[in-house]
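S.K.: What follows is the residue order along each chain.
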Amino acid sequence: MSPDPAIPLLDVADLDVYLGASHVLQGVSLRLPAGPLSIIGRNGMGKTTLCQAIMGLVPTRSGRVALAGRELTGQRPVRIARAGIGYVPQGRRVFPSLSVHEHLVLTAPRGREAERAAWTIERVYDTFPRLAERRGNGGAQLSGGEQQMLAIARALLLNPTLLVMDEPTEGLAPVIVDHVVELLHTINREGVGLLLVEQNFLVATSVAARVLVMVNGRIALETSADEITRNEDMQRRYLGVSAH
Amino acid sequence: MIDLLAGFNGRLFLTVTLNGLTLAALYFIVASGFSLIFGLMRVVNMAHGSLYLLGGYVGYEVSVLSGSWLLALVAGAGAAALAGALLQKGIFGWMQGQDLRQTLAAIGVSIVLADLMLAQWGGTAYQLDLPAIFRSFVPLPVVNRYPMPRLMLIGLAVLIGIGLWAMLNRTRLGLLIRAGVDDRRMLEALGVDVPKVFLGVFAIGAGLAGLAGVIGGSVLSISPGEDARYLLSSLIVVIVGGMGSLSGAAIGALLVALAETYGLAYTPTYGVVYTFVIMVAVLAVRPQGLMGRPA
Ligand SMILES: Nc1ncnc2c1ncn2[C@@H]1O[C@H](COP(=O)(O)OP(=O)(O)OP(=O)(O)O)[C@@H](O)[C@H]1O
Ligand SMILES: [Mg+2]
Chain A
1 MSPDPAIPLL DVADLDVYLG ASHVLQGVSL RLPAGPLSII GRNGMGKTTL CQAIMGLVPT
61 RSGRVALAGR ELTGQRPVRI ARAGIGYVPQ GRRVFPSLSV HEHLVLTAPR GREAERAAWT
121 IERVYDTFPR LAERRGNGGA QLSGGEQQML AIARALLLNP TLLVMDEPTE GLAPVIVDHV
181 VELLHTINRE GVGLLLVEQN FLVATSVAAR VLVMVNGRIA LETSADEITR NEDMQRRYLG
241 VSAH
Chain B
1 MIDLLAGFNG RLFLTVTLNG LTLAALYFIV ASGFSLIFGL MRVVNMAHGS LYLLGGYVGY
61 EVSVLSGSWL LALVAGAGAA ALAGALLQKG IFGWMQGQDL RQTLAAIGVS IVLADLMLAQ
121 WGGTAYQLDL PAIFRSFVPL PVVNRYPMPR LMLIGLAVLI GIGLWAMLNR TRLGLLIRAG
181 VDDRRMLEAL GVDVPKVFLG VFAIGAGLAG LAGVIGGSVL SISPGEDARY LLSSLIVVIV
241 GGMGSLSGAA IGALLVALAE TYGLAYTPTY GVVYTFVIMV AVLAVRPQGL MGRPA
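Chains as they are written, first to last, in my numbering: chain A, 1 to 244; chain B, 1 to 295.
Just so you know, these hints were derived from the structure itself, not from any lab. Small disclaimer: the values here were computed from a predicted structure and weren't measured. Where a beta carbon is used, it is the ideal one built from N, C-alpha and C, also for glycine. Among the hints, a few may not be true.
To give a feel for the contact side, a few chain B residues facing chain A, derived at Cβ under 7 Å [as the list claims (entries may be wrong)]: (1) Ala132; (2) Ala179; (3) Arg185; (4) Gly191.
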C-alpha cells in the first residue's frame, strides 16, 4: 500500500494544550508530508508538550492530530503507539529495572510480525554493537549515549511509520552526536517519518530540509534549513543566538 | 529477669520460633500480594483482608462440598482473584492515579464485603479439614514433634516466593510489571496496554490473599475480624519491608511475625507493642522501608 501523497503522514491542526492554568500550546498546526521535519526553539517554548500531546500523554483542549489520515485526537498513548508512532522522549526515560536486552524484548515484534518487520532485535544489535556488548546491563548503568541509543532502538522496534524524537542529542558528547545524526539519516532513508525536536541547531538543520521554530507555544516560523542557516538575523530573532 | 533466665526453656523457645516462622509464612503470602499491587498501581488495597476472608470461606464451602482440600485451595484463590479483578475493572480502574479516592473506595468495599460475609457465614469460626496425610506430626530434635501442616506452610511460602520471583524476572508479564513500576506512562507510550497488566496483577495479588485465606483457615481458623487482622499485618509488613518489594515483604513478614510471637510468649502484657516499636524504628531510620526504594 503506497501512501496517498495528498494525505500528510502527520497532521496537527490548531492544537491547544493547558497545563494547570498555563496555556502551553496555542493553536499549533503542522503538516509533515513525509520525511523529516525539525522543530527548534528555546527552553520552555512548548516543544516537549507538543510531543506529549501528539502521543496522548497530556490532554488537549482542542484541535486534532492525525497519522496518515487516521484520527488520533484524544486516544490513549497505547493506541497512538500502536497506530505507528515511536516516541523517543526527552531525557530518554529508559527503565532502570530492565536490562538492555529486556528493553528490546519489550517492544520487539513477536511471532509472525517478526518475519516481515524491518527492525528486529538482531538488526538492533548489528546497528548498535555497543548495545550488544551491554545487553545484560541495567538501564541505570548505561552512559547517556548508550541510554539514547537504547531509547531510539526500543522505539524503532515498534516498526513505526513516524518517529517523534525530543532532543535526542541533549547532553551527549560530540562524537556521540555525530553517531546519532548518522543514524537519523539512515532512518530517513528507510522511509520512516521523523519529527525531530532539537536545540542543537546544526543537528536540526543537517537532518531535515524543513525547519519550524517554536516561540511561546506557537509555530512562529516555517522555513528551510538552508534559509535559516544563511540568515543570521533570523537566528538571532527567533533563537536569540547565532549558530556562527 | 533472673526468673526469666533461670526458667529459660529450650524446647519452648524452639516451639515459639517455629510458630513465629509459620505465622511469618502466612503473613508473607498475604502481604506479597498486597505489595505487588501497591508496587505497580500505587493502590493501597484496603480490601485485601476481605479477599483473604472471602478465599477462606469459599475454600471452606468447597472443601465441605467436594471433600477435596486441593480443590478448596484452588477455589478459594480463584474466587479471590476473580473478585479482585472485578474490583479493579469495576471500581479502582476508573480512579487511576487518584490514590486517596482509591483508598477510600477500597475501605468502603471492605466494609460492604465484611457485612455480606457476616450475613452469609455468621459469626462462628470455621476450620478446613486437611487431607489425612497432612494431619500428622514431624519428629524434630528438642521440640520432640511439630505439626506437619505448619511446616508445610513454611515450605509453601518459600515456593510462592520463588514463584513470584520467577514471574517477575523470567516472564513477559514480569517484564511489563517492572517497567510499569519504573515509568508507567512511558510504558503506555511504547504501546503496552497498561490497564490490562493492572488487571492481571490485581488478580494475582488478590488470588494470593485468597490462597492465604484457605491455608490460614486450615492451619488456624477463619472468622469475622480476620480481614482487619490480615490487612493490618500486611500494612505493617510492607511498611517495615518496603512497599512493592518482594524481598521486603519476606523480611518484613519475618520481623513482624517473630516479634509478635516472641512477645506474646515471653511478655504477654506487652506482646502487641513490639510490632509497633519495629515499625516506628524502621520509619525513623528508613522511611521507605528496609528494602524499599526512596519515593
Ligand atoms: N505541569 C506543568 N504545569 C504548568 N506548566 C508547565 C507544566 N509542565 C511544563 N510547563 C510549562 O510549559 C512550558 C513548555 O514546557 P516544555 O517542556 O514543553 O518546553 P520545551 O520547549 O520542551 O523546553 P526545553 O527545551 O527546556 O525542553 C514551560 O514554560 C513550562 O514551564
Ligand atoms: Mg523539552
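S.K.: The structure should be examined with respect to each hint, and the outcome stated for every one.
M.R.: Evaluated hints:
For B:Ala132, the interface hint is violated, the least distance from its beta-carbon to any beta-carbon of chain A being 45 Å, above 7 Å. The beta carbon of B:Ala179 comes within 5 Å of a beta carbon in chain A, closer than 7 Å, and the hint placing it at the interface holds. Taking 7 Å as the C-beta contact cut-off toward chain A, the hint placing B:Arg185 at the interface holds, the least distance being around 6 Å. Contact between B:Gly191 and chain A, as hinted, is supported at the beta carbon level, the nearest pair being about 4 Å apart and thus within 7 Å.
Checked against the numbered hints given earlier, this structure breaks only hint 1.
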